[in-house]
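*Asks:* Chain residues, written in single-letter form:
There are 2 protein chains.
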Amino acid sequence: MSTHEVIFYPDQRSVRVPTGTSLLKAAARAGIALKSNCGGNGTCGKCAVKVKQGEANIESFGNLPARLKKEGYVLACQTYVQGNLEVEIPPEAQLRDHQVLVDYKQAVLTERRQRGPEGFPLCYQVQLELSSPTLTENSSDLTRLEAAVYQKTGKRDWDISLAVLRELPEILRTGQWKVQVTLVEVPGRREIVKVVPTGKAVTPYGLAVDIGTTTVVVHLVNLETGQIVDRNGTYNRQAQFGDDVISRIIYASEEKEGLEELRESVVQTINELTEDLLKRNGVPREDVHLAVCAGNTTMTHLFMGILPKYIRLEPYIPAFSRIPPVKVSQVGLKINPEGWVLNFPAVASYVGGDIVAGVLVSGIADSEEIALFVDIGTNGEMVLGNKDWLVSCACSAGPAFEGGGITWGMRAMPGAIERLEIEPETFEVKVITVGDGKPVGICGSGLIDTLAKLRRYGIIDRSGNFERDLSTPRLREKDGEWEFVLVWSRESGNGEDIVITQSDIKNILRAKAAVFAGIRSLLKAVQLEMDQVQKVIIAGGFGNYLNIADAVEIGLLPDLPEERYEFIGNSAVKGAYLSLISQEAWQEAHELAKKMTYLELSVGTDFMEEFVSASFLPHTDLSLFPSLVHAVSGKEGNTHWTAAGN
Amino acid sequence: MSTHEVIFYPDQRSVRVPTGTSLLKAAARAGIALKSNCGGNGTCGKCAVKVKQGEANIESFGNLPARLKKEGYVLACQTYVQGNLEVEIPPEAQLRDHQVLVDYKQAVLTERRQRGPEGFPLCYQVQLELSSPTLTENSSDLTRLEAAVYQKTGKRDWDISLAVLRELPEILRTGQWKVQVTLVEVPGRREIVKVVPTGKAVTPYGLAVDIGTTTVVVHLVNLETGQIVDRNGTYNRQAQFGDDVISRIIYASEEKEGLEELRESVVQTINELTEDLLKRNGVPREDVHLAVCAGNTTMTHLFMGILPKYIRLEPYIPAFSRIPPVKVSQVGLKINPEGWVLNFPAVASYVGGDIVAGVLVSGIADSEEIALFVDIGTNGEMVLGNKDWLVSCACSAGPAFEGGGITWGMRAMPGAIERLEIEPETFEVKVITVGDGKPVGICGSGLIDTLAKLRRYGIIDRSGNFERDLSTPRLREKDGEWEFVLVWSRESGNGEDIVITQSDIKNILRAKAAVFAGIRSLLKAVQLEMDQVQKVIIAGGFGNYLNIADAVEIGLLPDLPEERYEFIGNSAVKGAYLSLISQEAWQEAHELAKKMTYLELSVGTDFMEEFVSASFLPHTDLSLFPSLVHAVSGKEGNTHWTAAGN
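Protein chains in written order, with full-length UniProt numbering: chain A, 1 to 646; chain B, 1 to 646.
Take the hints with a grain of salt, since some may be wrong.
Note that the list lumps identical chains together, so a pair holds whenever it fits in one copy or between two copies.
[Unchecked claim] Listed below are the simulated PhoX-like cross-link pairs for lysine-lysine, each with C-alpha atoms no more than 25 Å apart in a straight line:
1) 478 to 438
2) 595 to 155
3) 524 to 35
4) 309 to 178
5) 327 to 155
To be clear, the hints were calculated from the coordinates, so they are not data collected in a lab.
This structure is a prediction, so every number in the text was calculated from the model and none was measured.
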């Protein structure tokens, strides 16, 4: 089969792939993650790219928005390589990952891997040639195998499961004493997990799993090459028992069989994603020996079937933060039952393994410069520090940024308003939706933008209250509550007016105040000023859609130059991936977890004071937002903005 | 409840026990193992003792032989302490254990235990007082527990099973942070296996298991005190699939489900013994966390469900010799499913963990002096050496010594002829049977005695052939084969003549020749002469009934002064017991297994030559039996004996 070179612009990354490879897969092989919510089925319309030169076979345009089709775009997942190609990737199609950091981290690990075994994946294969036994050299099959593994790896004391040992005598003899051996090596556990005759095509695979409260993401990783073979993600089936960790803890604690229902739900979620991944990539279940999982502390407890009851009760103590490796068969994942499940260590009840994984990938602990890592979801988790110290905290932002508790709130799915413009004079609104379809609701980034624009054009005051005397039909009182119409029913996708209400605004205000107060509390704890933060890393799916200027404008994020902001995407799954392919990264994750001091915000009154001060737009203390005072007063002369202090 | 002192003679060992304790149990507590084949039910009549002074309650005389009852004996298992007692133990009631050695070994371990933790049992309990968590000292339950365990033991990296972790949060809080923690500590495995609130009466127990081809013995051990609480034994249920290891290997290899049937059989055997032990001692299953098992290599393979196919085929390679600890739940033992099963390491296919356990207990590797360890069963296993070196071998003795392949052969059960006397002039025979009942067959020791006496009184020649011209009706030809009548039908317990035939004699000759040739081969391999062996240790149930003078007379055992011989009884279960109560002993067992060189007798012609030379009574080379030549020629002037050389 002939191969072709595909060059991706603007990064000019090139890769050689066989005829018939989809551009989505080719991009992945080149290390570029395209948005692909539907997993390459052509239905989400996200992976739009432009073929600049060369021959490609466009199988379908799927749900590619008509506007893009007209401009010459194709769907990467539906377009197949036929010859050498040059492909342009528009910024909106690329996952706004903190790819540079990840690449750097990976490059460091790759280099170390060449230097020595500490950069080995947590699971790897070695080729062995055993001496064949004689009457005078008659040590047991296992002893012979162990000696050869020792000779190859320099390491002793390998465990072996009964299942593998049961097959060993026949395999050694079938392979005429030449075998491929798959090893799992994590601190405190060395195990021979598979032995096959040399020449049999067997590749060890692993799963990198992000167990989010809302969504679960699984990457299938080829541990021989270190490449991500495929990705898959879906909603966490636990959601049926409650949206956030607190409601799940209550369900687990108070319902009979509640814990087991939640455990089964998340296991089923991971299993469905995994089965799908294995099927579409033709990988046999028994070749997957390892799952490295990153979840918040409650998710990890539920996944392990351990009641997270005391996470919710003062003084908020988890049952465990670091859990030893657990056999796959005990967890019920549908991979090799003799494999191992590893969970990222947590820092505290509300700073979990997902954050440790994120900090690992972010590299903030590798550098002298002081950086802030922020993951905004239902909970906001933040880590501040550098290579010498790290301090972390968590605050409850509530579900507003994920669309929860908001009249027309929704997740970032097709039809969700993600950006909008308001005409300053007429208050006419122009919205941009995910997938370009008719609007049916507002997602988190849309809500932030809405709040920023409502404030910018004087529709709400600094406290978030509507300026009721504005003369526009969009501002109205209905059923005793004031609201602003963003989309009239005739333009909406569901035949209803899409509005933002006074309580919606208060909910978003509380959410953003909690996050900002958390950041301020961290800084205060280490006696640093905001502008000493050299880098802000935004993690989580939310970050993919977040407009920094908007977020700063409403006082959600610190007023720092935009170039200090970086996006890292789903850093939990990336951390899991990095650990899967590097023992050193896994070791580092454990050191990070130990190093990260946890600041309990409910101790003392500092956080509460910060929260109250942050419950304004953008903040009580305008000196914290110097660029806004300048920009707003300069650009729009809006008197509300000039009132410093208050 | 009041306690009383019981002094056992002749050893003058004393013990304090509560009113109502059986003398059998009291003796066990004093470290004296009485014969008790029936397990204390009064049916075997073996544990006869005499109360010299004091008050005891004789519940029944069970099957105590009438002769002994007349002489004032009682059954220890049916006699209960009522006050201070002095009890005489006749030599025949005491298991002829190598008790001095075992005691010495145990004393050494006890002393080391006081010096430091290496003498700890493989499973032990610690009392911990954890600091209670606060908002500022909010580490997880497990982290807190691990820190306390570390503080107590100085050791880190403890595993914990999901099952234990699941209970942890409630137990810590119920116990108000004061807990008793049970730890399992074996090389390569440290695990927290139980946590209960302080004050709750919980004792960790373990099982010492001897998995014999014929019989399985289980000791229940209190790991807190190190005492053997109770013992139990029965036939290995695998026997239904074949008497010896070879027939079981064939069954496992050739029958569909054969391996699984054999695995289940032995597990069921151990489970039945264990359930009985737990029930009668009121020990809950979940308090037993460990089973240390010693079996020959084939038995260990079958127990682990691993096909021992290649043990039987040249070059005789086992699948494993050392196997890592296995979870109880994987094996199916009915003790705590989260506990561990440990198997003694083997040396080779035919020198298994039972022999390593025996060598451990024998202490031959602790001394400068050269000793020989011999375990005679269907296979004869021998180990020669001292603290600097050990060499081992195995030979197939065949089932003759266990009564197999012998016309009237039987195991050492009631009615088995175990000793006999022949009147030199009249050839009249007087037999002594196990249990003193009417004779129904001949056991191994009886066969050896028979052969010795037949030879001594000239009834057979040096090749084992009958002297057909002897004039006695006992020597006769029947159905074409010559035989000698030991018991006439009118005196036997089954109404038939009990005879020994020419082929029986040849079978015994072959068996004894194999053992002696094995011993000679070991000596030859290290270039030592017989009389350089300072000590001969006889292990195995067979040893309990063996008369050394007889065994030397037929050339089964070397012609060494009788004081060099010692009996060690069931050294496999004793080794398992020692390891259970001492990490150091377990470690030592592994070092021993590595240290023991294996001499494969099928290499070269030495063994075969030795075998041929040993197939005479006592041997071709009479210079190897100087005491016999002297004794026989002196006492009886039998010309056959004086013919040195062949």
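*Asks:* Hint by hint, note whether the structure agrees.
*Replies:* Hint-by-hint comparison with the structure:
no.: 1; hint: 478 to 438; verdict: within (24 Å within a copy, 109 Å between copies)
no.: 2; hint: 595 to 155; verdict: between (28 Å within a copy, 21 Å between copies)
no.: 3; hint: 524 to 35; verdict: neither (37 Å within a copy, 77 Å between copies)
no.: 4; hint: 309 to 178; verdict: between (52 Å within a copy, 20 Å between copies)
no.: 5; hint: 327 to 155; verdict: both (22 Å within a copy, 24 Å between copies)
Checked against the numbered hints above, the structure violates only hint 3.
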